[in-house]
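Residues in the sequence shown are numbered consecutively from 10, following my numbering.
Keep in mind the hints are simulated off the structure, nothing from the lab. Keep in mind the model is a prediction, meaning the values are calculated, not measured. Some hints could be false.
[What the hints assert, rightly or not] With beta-carbon atoms standing in for the labels, derived distance ranges:
#, residue 1, residue 2, range
1, Ser57, Gly123, 28 to 34 Å
2, Val87, Val129, 15 to 21 Å
3, Asn125, Gly104, 47 to 53 Å
4, Glu68, Ala114, 21 to 27 Å
5, Arg39, Asn102, 33 to 39 Å
6, Ser99, Asn125, 43 to 49 Å
7, Phe86, Pro124, 27 to 33 Å
8, Asp79, Tyr38, 23 to 29 Å
9, Asp97, Asn125, 37 to 43 Å
10, Asn15, Asp83, 16 to 22 Å
11, Thr25, Tyr119, 34 to 40 Å
12, Lys108, Leu128, 26 to 32 Å
[Stated by the list, open to error] Using 25 Å as the maximum straight-line C-alpha spacing, the simulated PhoX-like pairs for lysine-lysine come out as follows:
#, residue 1, residue 2
13, Lys108, Lys66
14, Lys64, Lys136
15, Lys108, Lys56
16, Lys136, Lys66
17, Lys108, Lys136
18, Lys106, Lys136
Ideal Cβ placement from N, Cα and C applies to all residues, glycine included.
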Amino acid sequence: MTLEANVIRDDAVSRTPEGYDVAVHIAWYRSLPLSCIESITITLGDKSFTSEDVKLKWEGELLPLSALADRTEDWWFVQDALTFQVPDASPVNAGEKTKLAVSLATRIPYIIIGPNFPLVQRTDVEKEVTVQ
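Generate the whole structure from the sequences, applying the supplied hints.
The structure is reproduced here in C-alpha cells:
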C-alpha cells in the first residue's frame, strides 16, 4: 500500500448542516506539526474548495488554514485523520456516491532541498466515496 492510498478512505465524507466534513489522513510516514500544512484543495463532485474555503476542525476550534503557521506544538499524527469543514449550500445527500479529490501540500521540515528551503510534498488523490 502506498502512502497516497491511505489519504482518503471510503467513509471520508460526512454531510453536515454547513456542507461536509472531510477526513484526510497524512501522506507521510511520520507525524508532522499542523504548521507544515501549506495548502489543501478538496473537490466534491464538480465543486472545488481551496485553502481559503475550508476550515480545520481541531480540538473544538474551527481554524482557517492561514492560522496553522503558528501551530508548531499541535501534531498531525499518522494514525489520525484531520477533519476539514467544507462549506456547501447544496451538498449531496447521505447515502449518495460522489467523487472526492484531495490535493494536499505538506512541508517536510527536516528534508532541506535548498538554502533554507524544505521539501514540500504534493499529494493528489481521488476516490469515489459514499457520503455518510
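Each hint tested on the structure:
1. Distance hint check for Ser57 and Gly123: the Cβ-Cβ separation is about 30 Å, which falls inside the suggested range of 28 to 34 Å.
2. Evaluation of the 15 to 21 Å hint for Val87 and Val129 yields a pass: the beta carbon distance comes to about 18 Å.
3. Checked against the given bound of 47 to 53 Å, the beta carbons of Asn125 and Gly104, roughly 49 Å apart, stay inside it.
4. Taking 21 to 27 Å as the suggested C-beta distance range, the pair Glu68 and Ala114 conforms, at roughly 23 Å.
5. In this structure the supplied range 33 to 39 Å holds for Arg39 paired with Asn102, their Cβ-Cβ distance being about 38 Å.
6. Under the hint 43 to 49 Å, the C-beta atoms of Ser99 and Asn125, about 45 Å apart, fit the expected range.
7. Taken as a hint, the range 27 to 33 Å holds for the pair Phe86 and Pro124, whose Cβ atoms sit roughly 30 Å apart.
8. Separated by about 25 Å at the C-beta atoms, Asp79 and Tyr38 satisfy the suggested range of 23 to 29 Å.
9. For Asp97 and Asn125, the Cβ-Cβ distance of about 39 Å falls inside the hinted range of 37 to 43 Å, so the restraint holds.
10. Checked against the given bound of 16 to 22 Å, the beta carbons of Asn15 and Asp83, roughly 21 Å apart, stay inside it.
11. One distance hint, 34 to 40 Å for the beta-carbon pair Thr25 and Tyr119, holds here, with the actual separation near 36 Å.
12. Evaluation of the 26 to 32 Å hint for Lys108 and Leu128 yields a pass: the beta carbon distance comes to about 29 Å.
13. This hinted pair checks out: Lys108 and Lys66 have alpha carbons roughly 22 Å apart, not beyond 25 Å.
14. For the given pair, Lys64 sits about 21 Å from Lys136 by alpha-carbon distance, which is consistent with the 25 Å threshold.
15. Straight-line distance between C-alpha atoms of Lys108 and Lys56 comes to about 10 Å, which keeps the hinted pair within the 25 Å bound.
16. Between Lys136 and Lys66, the direct Cα distance comes to roughly 22 Å. Compliance with the 25 Å bound is thereby established for this hinted pair.
17. Taking the CA atoms of Lys108 and Lys136, the gap is near 6 Å; set against the 25 Å cutoff, the hint holds.
18. Using a Cα cut-off of 25 Å, the hinted pair Lys106 and Lys136 holds, with the two alpha carbons roughly 10 Å apart.
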